[in-house]
Amino acid sequence: MNIGERIYSLRTQKGLSQGDLAEKLEVSRQSVSKWENSSAVPDLDKIIKLSEIFGITIDELVKGNSHTVQSVENDDGKKTDSQKVEYVYVQSRKNAMETRKIAAVILFCMAFLLTFGILLATGSLGGIFYAVPFIVCGIICFAVRKNVGIWCAWSVYIMADVFMRWGTSINPNLIFMTFRFTPEMNYTRLAAAWIWVILLVSLIAFTAVRFKYMPVKDIKKLKIKLVCGWAAYILIYAGRMILARTEMYINMIFEIIKSNAAVYSFFSHIVNFADIFFATILIVHTVRYIYNRNKT
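In terms of our numbering, the numbers along the sequence shown are unbroken and rise by one, the last being 509.
Bear in mind the hints are in silico, worked out from the structure with no lab data behind them. Here the structure is a predicted model, which is why all the values come from computation and not from measurement. Don't be surprised by glycine CBs; every beta carbon is placed ideally from N, CA and C. Each hint should be verified, as a subset may be incorrect.
[What the hints assert, rightly or not] Subject to a maximum C-alpha distance of 20 angstroms in a straight line, what follows is the list of computed SDA-like cross-link-like pairs (lysine to any residue):
#1 Lys359 - Val240
#2 Lys247 - Ser264
#3 Lys433 - Tyr502
#4 Lys237 - Asn505
#5 Lys314 - Trp364
#6 Lys433 - Tyr504
#7 Lys247 - Asn215
#8 Lys247 - Leu333
#9 Lys425 - Thr225
#10 Lys436 - Leu495
#11 Lys434 - Tyr504
#12 Lys438 - Arg501
#13 Lys438 - Arg506
#14 Lys247 - Ile261
#15 Lys227 - Ile266
#16 Lys434 - Ile496
#17 Lys430 - Ser415
#18 Lys247 - Val422
#19 Lys227 - Lys237
#20 Lys425 - Gly452
#21 Lys247 - Ala235
#22 Lys247 - Leu223
#23 Lys434 - Lys359
#24 Lys259 - Glu273
[Stated by the list, open to error] Ranges between beta-carbon positions, derived for each pair:
#25 Ile496 - Ile319: 30 to 40 angstroms
#26 Ile447 - Asp272: 51 to 61 angstroms
#27 Gly330 - Glu239: 45 to 55 angstroms
#28 Tyr426 - Ala334: 42 to 52 angstroms
#29 Lys430 - Gly330: 45 to 55 angstroms
Take these sequences, add in the hints, and give me the full structure.
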């Protein structure tokens, strides 16, 4: 029995659901599920908390892996709890690294096969364009140690968003014209814009939920930062909307940018991405504040 199976057995004996255990450990339910499926191993501090919750020693929690127990010994042949925990932790990190490397290699292979397949079928290197998301996600798997899935999802979203705006002229802002849309404007574009916005909201929500368990050192300081951040964001957004509606383009540089369609489009996309970026940060930290405030 490995540590994941041990956690599952002890949890069910205690009559706890994965959500109950996650709440006690201040982690997500998905984290508990990964531990029990042996796709991840708890960090050092979580192993200690688990032993306290289950009312057993760390030795009893980790001894399901006989290799772990037998491989960690003092000079006098006696094993200590701290050594076992550290060994499990190091091994879990190595296993996670190996898993990420395998995922990265698979993604790179998919990128190569896609590029090569399109080259054979059409004689064009255009497949490289479609292979970029696989390459980027492969690099992320190598470079990022935590929350790899979230960073890959955001990377794919940004790349897809650029393609949607530049390649199809579908802009999420079309949803604001929902009640003014006409058949001549193509309802398919409006539907795609709504789907795109729903995907974005879902991604932001998932990110906020995933990071809400991050500990907050100073809750009051975080509150001040959030108030200032939201105030600045709202003021900047309101100012942009006023300028856009009244056409008060008195800045000569802005007029030059606006006169060039390509430059203006690029500038608009940068502004839109900045909106999404800062709004997501504010939302994530707001969720963290609410979660940690309720705990105190």
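Can you confirm whether the C-alpha distance between Lys247 and Val422 stays at or below 20 angstroms? holds (17 angstroms)
20 angstroms Cα cutoff - pair Lys430, Ser415: Violated, at about 28 angstroms.
Lys237 paired with Asn505 [C-alpha distance capped at 20 angstroms]: Status holds; Cα separation ~13 angstroms.
Are the Cα atoms of Lys425 and Gly452 separated by 20 angstroms or less? Roughly 31 angstroms separates the two Cα atoms, so the pair is violated.
Given the hint that Lys227 pairs with Lys237, does the C-alpha gap stay at or below 20 angstroms? Given that 20 angstroms is the threshold and the Cα spacing comes to 13 angstroms, the pair holds.
Restraint check for Lys434 with Tyr504, where alpha carbons must lie at most 20 angstroms apart: Holds, because 15 angstroms separates the two Cα atoms, which is no more than 20 angstroms.
Checking one constraint from the list: CA of Lys433 to CA of Tyr504, max 20 angstroms. Satisfied? Holds, at roughly 13 angstroms.
Within 20 angstroms, alpha carbon to alpha carbon, are Lys259 and Glu273? With Cα atoms ~15 angstroms apart, Lys259 and Glu273 stay inside 20 angstroms; holds.
Against the 20 angstroms threshold, does the CA-CA distance of Lys247 and Asn215 hold or violate the hint? holds (13 angstroms)
Per the hint of 42 to 52 angstroms, is the separation of the Cβ atoms of Tyr426 and Ala334 within bounds? For Ala334 against Tyr426, whose Cβ atoms are near 46 angstroms apart, the range 42 to 52 angstroms holds.
A range of 45 to 55 angstroms was offered for this pair. Does it hold for the Cβ distance of Gly330 and Glu239? At 46 angstroms between Cβs, range holds.
Going straight from one Cα to the other, do Lys438 and Arg501 come out at no more than 20 angstroms? Holds, at roughly 13 angstroms.
Comparing the model with each numbered hint stated earlier shows that hints 8, 9, 17, 20 and 23 do not hold.
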